[in-house]
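Participant: One-letter residues, chain by chain:
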Amino acid sequence: AEDKLTILGSVPNLGFPFFVHMLNEIKAEAAAQGVNLTESDGQNSATKQTADIEAALVQKVNAIVISPLDVNALAPAIEEAVKAGVPVVTIDRRVDGVEGILAHVGADNVKGGEAEASAMVAAFPNGAKIFHLQGQPGAGPAIDRNKGVHNVLDPLKDKYQIIFEQTANFARAEALSVTEAGLAANGKPDAIVCANDDMALGAMEACAARNFTDVKIYGFDALPEALVAVRDGKLAGTVEQFPGEQSRTAVRIAVAYAKDKTEPKEKLVLLTPIVIGKDNLDKAERIGETK
Amino acid sequence: MSVAGEQNQRGGINVARLLMSFGPLLFLAALIVVFTVLKPSFMDPINLFNITRQISITGLIALGMTFVILTAGIDLSVGSLLAFCGMVAAVVAKGGTANTLSLSTSGTQGYGWFAALLAAVVVGAAAGGVQGLAITRLKVPPFVVTLGGLTVFRGLTLTISNGGPISGFDASMRWFGTGLIGPVPVPAIIFAVAAILCHIVLRYTRYGRAVYAVGGNAEAARLSGLRVDRILVSVYVIVGFFAGLAAFVLSARLNSSEAVAGIGYELTVISAVVIGGTSLFGGIGSVGGTVVGAALIGVLQNGLQFNNVSSYTQSIVIGLILILAVAFDRWLKSRVRR
Amino acid sequence: MSVAGEQNQRGGINVARLLMSFGPLLFLAALIVVFTVLKPSFMDPINLFNITRQISITGLIALGMTFVILTAGIDLSVGSLLAFCGMVAAVVAKGGTANTLSLSTSGTQGYGWFAALLAAVVVGAAAGGVQGLAITRLKVPPFVVTLGGLTVFRGLTLTISNGGPISGFDASMRWFGTGLIGPVPVPAIIFAVAAILCHIVLRYTRYGRAVYAVGGNAEAARLSGLRVDRILVSVYVIVGFFAGLAAFVLSARLNSSEAVAGIGYELTVISAVVIGGTSLFGGIGSVGGTVVGAALIGVLQNGLQFNNVSSYTQSIVIGLILILAVAFDRWLKSRVRR
Amino acid sequence: MPTAEAASPEPILLAVEGVTKHFAGVTALSDVSLDIRPGEILGLLGENGAGKSTLLKILSGVMPPSSGRIIFDGADYQPASPQDAKRLGIVTIYQELSLIPTLTVAENIFIGRAPTGPLGLVSWRRMEEDSRAIIARVGLTIDPMTPVSALSVAEQQLVEIARALSLKSRLIIMDEPTSALTETEVQRLLSIMDRLRRDKVAIMFVTHRLEEAAAICDRMTVLRDGRLAGHLDRDNGPIELPAIIEKMVGRAASELYARPAQRAIAGDIRLSVRGLRTVRDPEAPHAIVLDGVDIDLKAGEILGVAGLVGSGRTELARAIFGADRIAAGTITLDGRQIAPASPADAIALGIGLVPEDRKHQAIFAALGILPNFSVASLGHFSNGFGFMAERRERDALAGFRKMLSIRMASAEQAIEGLSGGNQQKVILARWLARDPKVLIVDEPTRGVDVGAKTEVHQILVQLAARGIAVMMISSELPEVLAVSDRIVTMRRGRITGQMQGVEANEEKLMELMALDRQDAKGQAR
Ligand SMILES: Nc1ncnc2c1ncn2[C@@H]1O[C@H](COP(=O)(O)OP(=O)(O)OP(=O)(O)O)[C@@H](O)[C@H]1O
Ligand SMILES: Nc1ncnc2c1ncn2[C@@H]1O[C@H](COP(=O)(O)OP(=O)(O)OP(=O)(O)O)[C@@H](O)[C@H]1O
Ligand SMILES: [Mg+2]
Ligand SMILES: [Mg+2]
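Protein chains in written order, with our numbering: chain V, 8 to 298; chain B, 108 to 445; chain E, 108 to 445; chain U, 1401 to 1925.
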């Protein structure tokens, strides 16, 4: 029998449900395509993800599907793979400046942040007082999402004031404490914009405790738990970037090339992030998991 | 030594004692004054109760950590253990890992809050006990054993939860995190009661005094006929128990148990204990100090957030103030002894 | 004591010595054998060089940490300091914080790799020195000072970089991270040279003797005429220097300095030192042990990844093996002593 | 209960039969047998490293024997821990003090058995009161709520004795309880021991002060190189010191305290101290504060400093050595005023100090003998580039090993593994290697056996003969009398008298040591 192909599937941090889902989808698609999968968890460290790629190259994997923890820090490792003749498809975050990447499938986090803020603006045509909970300082998605939110809100400063802006490190417990402090210091805001769903759910608990049930809270990632909260009207919305679709597409492109050098139709597949609200829940990728 | 000398000495010691325990407390008071001046609504009861609620989670673990550090040990695994116990509590509360996402439970399938609480503290205490045995039997230093524990418990947590959270507990369980008794948050009451109990145990029981003795000089304690190994195991059981209790309260408060809970808590918890005056070399320290240490950290974080200080600046200020608080304490002690 | 007894004792001590230093090494060898049997390509030279490159970053810091721990101190700030020094190096290499993202630099505006390296190690050593002074002058325990440093340096890093990375260095700088001399990666050579120098300093110089003496008994060291405070400050300067050097190599390797670099490194680094047999209570340990400790962790991570062990299981296995490695070492020593 | 021997009225309480103990290649005990009866004081004697402490540790459950049998009260006795020994009424005073420094005196006395009140909670008040009474028995008047870390070695020793005496015991094991004590406390202890003997408590007593042993012991068992060297019994007439020494060292005894008749010293004044006062150190709040000390030390003389516990002798030594801060006064060395701010300064000027608390202030327990030896002379044993000249270092150590007859296996051996006396010799060697101008030795023969003690005395005499000014602080008056050219006495941080060695005797010294000079009264602090 002919040896099965092996691909490396690498995600930045399996401590977060978002990436667990991504890796699960990679796994499922790899099985569907009949290839072996080597899994890699960056454990939130660029050096760990780099080391994983290096180990995979020694093992002569046939292709690499990777969501890089950091687009700059992972560039040298990806470059090395390209040089070794291994096709690389990046998901979610795009590595600039490396020649010869087979394809990129992604949804821009900056665009996602913009979508999130725009949805909030649409909900408050007459302006709003806003809390903004940012992600882990220095982390790529935190920077991009923050940028997106400010891209939209900064020009509208007069109507939409961010009266409280703090990091809660993407963590639910911290978001709860931070929001409690924000509510005590500033009273009730109109909206809370959060850089991920975990923080949105934490902020939601803080508001619930003060009976501020009409604060519109926005999350990011469209995790099943957030979708349930959106359905129940507890969250106003969450940003869907279609990580599963991204992952499966990436695997298909990588495997096709590895099998018989089929060049992808497009080198750049960009899915537009959308905000999931109560009315378009069916568009959410993981709505099936909330049943 | 003359009588006059002796009296003086005694007097000196009493004043010293008072001020020694007041060092971090004075610093805490100063912080509160500063924050109130900056923004008077800092003293709003809502905010003060927020702070008590916030410090109760790490505070509970810090109580247990006080026992451990008093024996010159350390436990780096508490953050992971918290996540692990929280996940166990969630599985018990929900009656399995299925249906992990519904935010409102009918409560029919689960085993109820009491079983969840029991599971959390028993698993926590057992995990602590296993680590304690590894320390005493295999003679591996506490730092190494609990560093191993840190990664093992995180791995176990991720395995049982497959990375995701388990959310949605019934109201009776949630009361432990979000309820109030009068105006006082339930977690704060749990913390206060636990602190008083720990204070009594450490100060007024033979067991407590044995903990100090073991930390003061383990070899001398053994020669004096104390069962040093048993006492060592017991303190890890205690900190594990408190990690379990804290996990239960945290899950109840967040209405969710997350695999990523408690990351980095070990350092916060150890800070609280050390700022409170407990020596990392064992034998010296008190529960009162730990409570003040936990409050100091809590007030600092809350106060900076309250004033919407940028997170970068927050890091810098918190780090400097931790060092200053301890430096102030040392300086006070050295002054008083004169 | 009879002559026979003396000879016997000598023999005993030599065997003990040998085995004592070989404990972690034996364990490392066993691990390598297991991984090779599981997957022979583990022994592929490329993979072995990968491992050496991978351990060189934390390994360099672990060398400095060996000095600190030998004096019964600890440095929790190394991860943050690494990020800080890396950012400083990047700013110098790029000639400012502007133009931070172009991955390929013409190299015209920057000050070149040498200035970047110098800046990284000088800033690292200075930061270590400041912490050392806080420890000796303010009498604040190393744990607290460097815990403060951990958050302060992270905050400073974020402030100068405004959260983002600074990327794109010229080829001469990148060589230090990605270059090869013959088949050997440059970072591995830097690590090896540094390890040999540290070994010589600790083993064969009077400064090294003084470090052991201060860690063994600080009071006796003072009464023997050693300038204890100066030596204490110096070890924090050394670990800071190595954090700076590691930062330079890491930035060169990743072609980027990140604000989130080095998070959690303190525990990895301290593990390497402790697994290598250095006592957290000071006075006992060696550079050789630290190198073996670092290698053990590196081999373990690489080997598990190589065998496609799931990430959750990896955590569990790594935690358990760390404990086992140290337990094995203790057991061996206790056997030999009998 | 069946009696072991018909002649004796009391049955044997404890019998050791053929006990052997090996450590990593060393045989510390080899086939040792002895017994003890209720109401008997058995002296256990031997040179440093003879195996006394090892035997006592086996009896108190600290470590098991490698082979052999122990019978206590007619039954096989195999204690697994000190707790087991305690339960049977076997109480031990260890050679290396086993108090917990961070706890108070009261808590140390009641460790594991604190008096409890209602609800089983510890009663601190009763603990304080009871412990005050307990330490008063041994003549200690300190506040029982003082942390032990603030006590001097002598006070700690007394606390440890007091604790042992307060436990219900059938057999008390005392490993050098008197090594840090002065005459007064020793006499008090001996009388307490006598009382215990009448209460039918058995006591095993280790000491290197043979006069004490001869005065109090009913019988003696002597160990040599881990083997039984013989038994001595008072029933056959009083035990003579030369007989003991002969058994201990295996040859006829040389003269004890072999100091040649004091020479009239005509050297120049090398060290001169005027009006020395110290401040209260916040780290050691209970330390005696020097209150205007004047003292002269001539080149080539041995100046003995006598005083009761707490008289400030140690503080004087530390102040001269730059280890404590000085509030007022001048120190002149060879006519030049000096102000050492740290021991490093003092050492650079040619002053050396052998501290009294060996364990905490002198040895690096986990380090080898070589680094322990050379730590004060690193500059001397290294080259211009800072590299150690190990060959020279080893040769120097080998020389001192011979000169001081240090019993050790190798230069790499951890100093921990040496007997106390041999550790002390290594510390002496540390300072001899520096060839100081002034050497201050604080209790230099604490825990050192007779043979080695004589050697140490001879070394001090030789040093003086080489022109070194030696200041010797000792709580053993015979020792002070034997080696000193001149003697000063101290009390409460002041000098109370001085005399030539030849004129001195114990009575005169005791009188001066107890003297409160008129102006010293009322301003003790
Ligand atoms: N833990 C140990 N490891 C190795 N050797 C030891 C240990 N303890 C004691 N020894 C050795 O056993 C021998 C007997 O020591 P021990 O302490 O019993 O002597 P001692 O008679 O009490 O001497 P001293 O009068 O100096 O106290 C010595 O040679 C010593 O080096
Ligand atoms: N290192 C120390 N820390 C705290 N207190 C000390 C220390 N050394 C001595 N003291 C205190 O100082 C007092 C006198 O000390 P010490 O007994 O050593 O005097 P001394 O005259 O040298 O007597 P001796 O030589 O008999 O010990 C004691 O009451 C003791 O409590
Ligand atoms: Mg002894
Ligand atoms: Mg003294």
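These aren't lab readings, by the way, just hints derived from the structure by calculation. Model, not experiment: these values are computed from the prediction. Treat the hints with care, since some could be wrong.
[As the list claims (entries may be wrong)] Quick list of in silico lysine to aspartate or glutamate cross-link-like pairs, EDC-like style, CA-CA up to 20 Å:
1) K274(V) with E106(V)
2) K241(V) with D277(B)
3) K90(V) with D336(E)
Participant: Next, verify each hint and record whether it holds.
Facilitator: These are the hints, each one checked on the structure:
no., hint, verdict
1, K274(V) with E106(V), "holds (12 Å)"
2, K241(V) with D277(B), "holds (17 Å)"
3, K90(V) with D336(E), "violated (52 Å)"
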